[in-house]
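Mapping of the sequence shown onto the numbering used here: residues 10 to 141, in sequence order.
Hints were generated in silico from the structure; no laboratory data involved.
Since we're looking at a predicted model, the values are computed, not measured.
Ideal Cβ placement from N, Cα and C applies to all residues, glycine included.
You can take every hint at face value.
With a straight-line cut-off of 27 angstroms between C-alpha atoms, the simulated DSS-like cross-links for lysine-lysine are:
1. K30 / K16
2. K59 / K94
3. K26 / K16
4. K59 / K78
5. K59 / K87
6. K18 / K30
7. K78 / K94
Using C-beta positions, here's what the derived DEER-type ranges look like:
8. D117 / E138: 27 to 33 angstroms
9. Q99 / D66: 31 to 37 angstroms
10. M140 / S34: 37 to 43 angstroms
11. E128 / L36: 22 to 28 angstroms
12. D102 / Q80: 30 to 36 angstroms
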Amino acid sequence: ELAAMRKEKASAEGRLKSELKALNSELAAQADELASTSRESELASEQFNKQLARVEDATSRSEAQRRRKHQVAVANAKAVVDSEKLAASQARDGMVLARTNIEGLRVDEEMLASRIQEEWHGAVESEQEVME
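Just need the whole structure built from these sequences, with the hints factored in.
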């Protein structure tokens with residue numbers, strides 16, 4: 010009976026460790042996704058700066074052309090700024106989600122540790138009862 014209880018305890022610990030490993034893998038995947046979003050935002054910013062430089066060169070050719078291209082540049086800049094704001098907001102949301110997941114993992118880890126400790130104490134008590 011004691012051997013069966015020990016085997017059950019080891020099995021429970023294995024399951025709990027597997028659950029923790031899965032949660033850690035999920036968190037790592039979310040962190041990778043957040044890093045990817047950040048890189049995409051950087052690339053969009055670089056592309057915007059290049060486009061803006063090209064537009065500024067083209068606008069110097071003629072006054073009428075300059076006005077039209079300036080309006081286009083302003084519209085593009087606004088669109089890029091809006092896009093970057095959205096990307097930044099998504100990155101912040103991702104960070105909040107990652108922090109929430111980290112806290113959730115910590116709570117899960119504490120709960121798992123508590124469960125393991127309770128099961129261990131229960132097994133020790135059962136073992137003592139069996140020995141008595």
